[in-house]
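Heads up: the protein sequence lines correspond to chains A and B, in order.
In terms of my numbering, the first sequence has 215 at position 215, counting the first letter as 1, and numbering is strictly consecutive.
In terms of my numbering, the second sequence has 582 at position 298, counting the first letter as 1, and numbering is strictly consecutive.
For the record, the hints were derived by calculation from the structure and aren't laboratory data.
One thing to keep in mind: the hints can contain errors.
No more than 25 Å apart at the CA atoms, straight line, and that leaves these computed lysine-lysine pairs for BS3-like [to be verified]: (1) A/Lys266 with B/Lys373; (2) B/Lys411 with B/Lys429; (3) A/Lys266 with B/Lys366; (4) A/Lys2 with B/Lys429; (5) A/Lys2 with B/Lys373; (6) B/Lys407 with B/Lys373; (7) B/Lys302 with A/Lys275; (8) B/Lys537 with B/Lys565.
Far from chain B, by Cβ distances over 12 Å, these chain A residues were calculated [said to hold, decoys possible]: (9) Val44; (10) Tyr94; (11) Val109; (12) Gly276.
Covered by chain A, per the in silico footprint, the following chain B stretches (three or more residues, Cβ under 8 Å) [as the list claims (entries may be wrong)]: (13) 364–374; (14) 381–389; (15) 459–473; (16) 590–597.
Every residue gets a Cβ at the ideal spot worked out from N, C-alpha and C, and that includes glycine.
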Amino acid sequence: MKINRNTFKWSAWLGWQMESNWTRPFIFAIYAIVRPIAASLILVVMFYVITYLGDPSTARANFDFLFIGNAFFMYIAQVLFGVTWIIHDDREHYRTLKYIYISPANYFVYILGRTLSKILITTFAVIITLAFGVIFLEVPLNPLGVDWLLFIPVFIIGLLSIIAFGLALAGISFLTAKHTMGMNEGIAGVFYLFCGVIFPLSVLPDWGISFAKILPVTYWLDLIRTSLGAGAGIDTAVAGTSVEVSLVVLIISTIGFALFSIGTFKLGDNLARRKGYLDMTTAY
Amino acid sequence: MTMIPNAVEIKDLRRTFKTKAVKSKKELVTALDGADLEIKEGELFGLLGPNGAGKTTIIKILATLLFPTSGKAEVLGYDVMKDAYQIRKNINMVSGGETSGYGILTVNENLWMFSQFYGIPGKIAKKRIKRLLRVMDLEKKADAKVRTLSTGERQKANMIRGFMTDPKLIFLDEPTLGLDVNASRLIRDFIKDWMRSKTGRTVLLTTHYMMEADELCDRVAIIDQGKILACDTPANLKRLVTKESTLKLEIRKVQDISAFQNIKGVKRFTYDHNITAGITKLNFILDDEAIVADIVAEVPKSGSKIVSVEKSEPTLEDVFVTLVGRGLHEN
Ligand SMILES: Nc1ncnc2c1ncn2[C@@H]1O[C@H](COP(=O)(O)OP(=O)(O)OP(=O)(O)O)[C@@H](O)[C@H]1O
Ligand SMILES: [Mg+2]
Chain A
1 MKINRNTFKW SAWLGWQMES NWTRPFIFAI YAIVRPIAAS LILVVMFYVI TYLGDPSTAR
61 ANFDFLFIGN AFFMYIAQVL FGVTWIIHDD REHYRTLKYI YISPANYFVY ILGRTLSKIL
121 ITTFAVIITL AFGVIFLEVP LNPLGVDWLL FIPVFIIGLL SIIAFGLALA GISFLTAKHT
181 MGMNEGIAGV FYLFCGVIFP LSVLPDWGIS FAKILPVTYW LDLIRTSLGA GAGIDTAVAG
241 TSVEVSLVVL IISTIGFALF SIGTFKLGDN LARRKGYLDM TTAY
Chain B
285 MTMIPNAVEI KDLRRTFKTK AVKSKKELVT ALDGADLEIK EGELFGLLGP NGAGKTTIIK
345 ILATLLFPTS GKAEVLGYDV MKDAYQIRKN INMVSGGETS GYGILTVNEN LWMFSQFYGI
405 PGKIAKKRIK RLLRVMDLEK KADAKVRTLS TGERQKANMI RGFMTDPKLI FLDEPTLGLD
465 VNASRLIRDF IKDWMRSKTG RTVLLTTHYM MEADELCDRV AIIDQGKILA CDTPANLKRL
525 VTKESTLKLE IRKVQDISAF QNIKGVKRFT YDHNITAGIT KLNFILDDEA IVADIVAEVP
585 KSGSKIVSVE KSEPTLEDVF VTLVGRGLHE N
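Isolated chain B, as found in the complex (with noise of 0.2 Å):
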């Protein structure tokens, strides 16, 4: 058997910054809390986690970007700290949901200056960026000024960027951030595509999408507070939580939720207020089916009535309530 190399290892890393806090008293703030993780070359890996986890913190420590405070993050075998220079020869990072790029160039100009600042030799430069700005469906503004591009269409152009360099490794930092549906879509299927058509490629993803990362990662690390609490494949990690049982409740004009809370039996407990829809979505994870009846009796009590329910199959949202307690847009 041969073992796979690892393409990032992360141990016991942390990370604090400060922040001038009010009234100018300095305050520390902890990014990383003595994360551990361990990513295979050839994975496709993702980071979920809610808003400040630390999942971009992760990226930039590991793109060279950004100095750990303490512990140990090597990438393709090399030291963050020490071999800067070896690392950056074979990753690239592209983050969603920013503009970047020089607005006087067009999009061509724009990735051909950043394919020479990595050595590419002209011929294969232009042949990938031809390439990659027909499968990303951006032809078409292939000489447009970048200035001119939408937001989307930006973020595309970043993502050949990225990907252009042929790195061996990739952090993408929720790509698909703020992208309609169809460029999601492309988004998604561009990167299953990238990973299968060569062996030995890896990605790290982070994104708060749950069926995102349902759909694309070989594996997924649950991180919350800066600390990794699960990793494991999406089924694995649905498996954890499957000997309970969820149920997802939608009901109207409710005035108290803290009764459902207190229901024997019911082991997590989120919930959804869509204030202008006047409906509340409830989520329940039990310890036994049986209990589906004690909840659904609790409605017309606390005055509000029925609009749906379902009882569903776990999603890693669930695994997340179950892990941390919380929900993953709950703050």
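The following block holds chain A by itself, in its conformation from the complex (with noise of 0.2 Å):
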């Protein structure tokens, strides 16, 4: 238990590190602030897009539905490709995977320290993102009008189920090389496509859609406007739903995928093992 407690706590303290590298404080600021902000704009872009091609009376709602499902979409990304980036590094390039496997610390509870460290980095992009957005886009989103005691709870849990997708890519990872990175992009666009992040998902045809309501994801986007009465109003396919029935399907799903998520761990680990993947180098 203390070794548990202990790992978590440095494990995430060696995230930070590596995150933010305050050795060298400029590129962290580009890292930290420029890039979110850039990302909107590149949003800003492709809203233009949008209500030039479509009807100008909807254009408003869109573009905060697309604002707000992109700037949440950080975490997905981050946690995603940082799970299997610690991998492969500590493996190939910092060689210290092999060491910390063998040591009698939970390499589950390792990942979930450095991940951690990754979410605290994110939270501050999105928070420059939402600010960004308010003072410069119009994004009508006001802390006095927020639902707090719903944002909070599906807040976290949003999070955990991305976490436990992570967690399950740990376990893929410790089989894949360095240069597989392109199932990490996959995987990302499959939520990018199915979880309302930029479109409603009335766009998808029927199996997309029926797709879309078994993923964690898509309840926790949508929860996450409704609690911050901004990009609501829109016809999302589960925009039906009360928050009731959204919240505990939500937590059902984020179970389940939790569930699957250490299933999947444990046998990466184990094929791993098997096959002798865990000091493994690649050569390019």
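Both chains come to you apart, so use the hints to assemble them.
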């Protein structure tokens, strides 16, 4: 128990050191501030394209919808890419994976700790993005108007489902080499398309909607928008569902995801030890 | 009489790897081919063998990094397949010749973090790290970023990481690989001191430096092509070949080496060309000392000149040659 606590604490600390390279504050500032703002500006361009092609009367709501979706999607992108990156770098670049693996520390806990620092940094970026949106892009987000009692639990449960998915990816990353980043892009793409990040689910074909409805992120984003009171009034195909039902589905699918990812992690761990991948280095 | 428990017990251990050979045809590489080994608690044990013999594979299996394909492997009484956690609490491992560690952290921070992965209480961890940094002559680098360290310094820091957890059993995979003479000396002395300072500690080290195995190890196992060929104290192993004589000959400008092979009474014959110096070293194990004269007589016939002649005591290398039929550094 004590080992797990210490492992979590110090792997989170390690993650923080790696993320926030304070020896180069200028680069860190770019990473943490300029990047999310640049991403928002790309959205503005997308928005003008959408308004130009579509119905101007719904443009405002559409923009808020995609702005909020995109801001919170940063968590998914960061955790998914982050976990794989941690494992590949620990294994091939720092050559520490095998030493952490043969320690009594639980590798699962280690990855959780490293992921936590990623989430903290991402939160910083999300807040900057939202503030930028409110100040310069008239996104109707008012801290006094936010339903915090809904937002806080929803936010946490959704993050848990994302972390769970990250851990499943960690198990898979044991088995993949450094140049197989494509897998993550694919998975991130699936979330981008099927979870109502930038466009409403109702534009998807029927099978796409059914698929979207089993992903916790779909409900997460929907409830986030509802609780923030921004970008909500769009037909998302889960919009008809009441808040209570959405919450329950979010919780159930998060638990399902957690079980799935623990299983996937264990399987990946076992296979990696069987195949001798834990200290693998790849030639390019 | 009390029985000393086994720190390591290996029985009929096999490990194969599937590799993608040319044209994506799967090929099976046998790394361990039915190895048997017992190491007692308190032993400083050496695995001696040429490249690709299976030394690292044994260590990886014992350190719970790799599953065996079949056979039994127990560490401190625990099965490597079933009780990894129990094993991990009591072991550590250091691989030589590699640079490991987080470059952006300092040496101290790296070590501290790993001590926390082992749940070592803070005060004890700090004391141990400080002491080991001093012993390893790395004190002045304690607050330097790991990425600024030289290869040898990083290797020393890695050694500290291994010993800092006070393991019951430590695996050292070629601990002095790539180190200069002084650093190698330091590491060897450190290992000896560590063994002496507390009873019941066990070391399993691999090396292909004969002298190192001879000097350090209580017992040595000779391994080749995944099989343990012999296992005994260095003295006993050398006794295997003392009945024979050993002759080392350095010659210049040799044309045809095969003539030496065919001299009657030569039991084993190995050689090593030093092309830049134009010198060839010949090693003979002879049935009878009298044959020395025949060999020396052969030198002018092969068109070369003698640089030096040495009749020597057998070394572990001679043992190796006798058992394997080729030198440790030949392929
Ligand atoms: N992951 C792997 N995939 C394929 N073959 C492997 C793998 N690991 C080891 N081998 C093969 O198994 C054999 C034994 O390797 P091992 O690393 O145990 O040798 P070693 O005795 O440590 O050699 P060295 O002195 O060079 O370190 C070699 O032929 C090696 O090519
Ligand atoms: Mg090796």
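**Asked** Of the hints given before, which are not true for this structure?
**Response** Going through the list in order, the structure violates hints 4, 10, 11, 12, 15 and 16 and respects the others.
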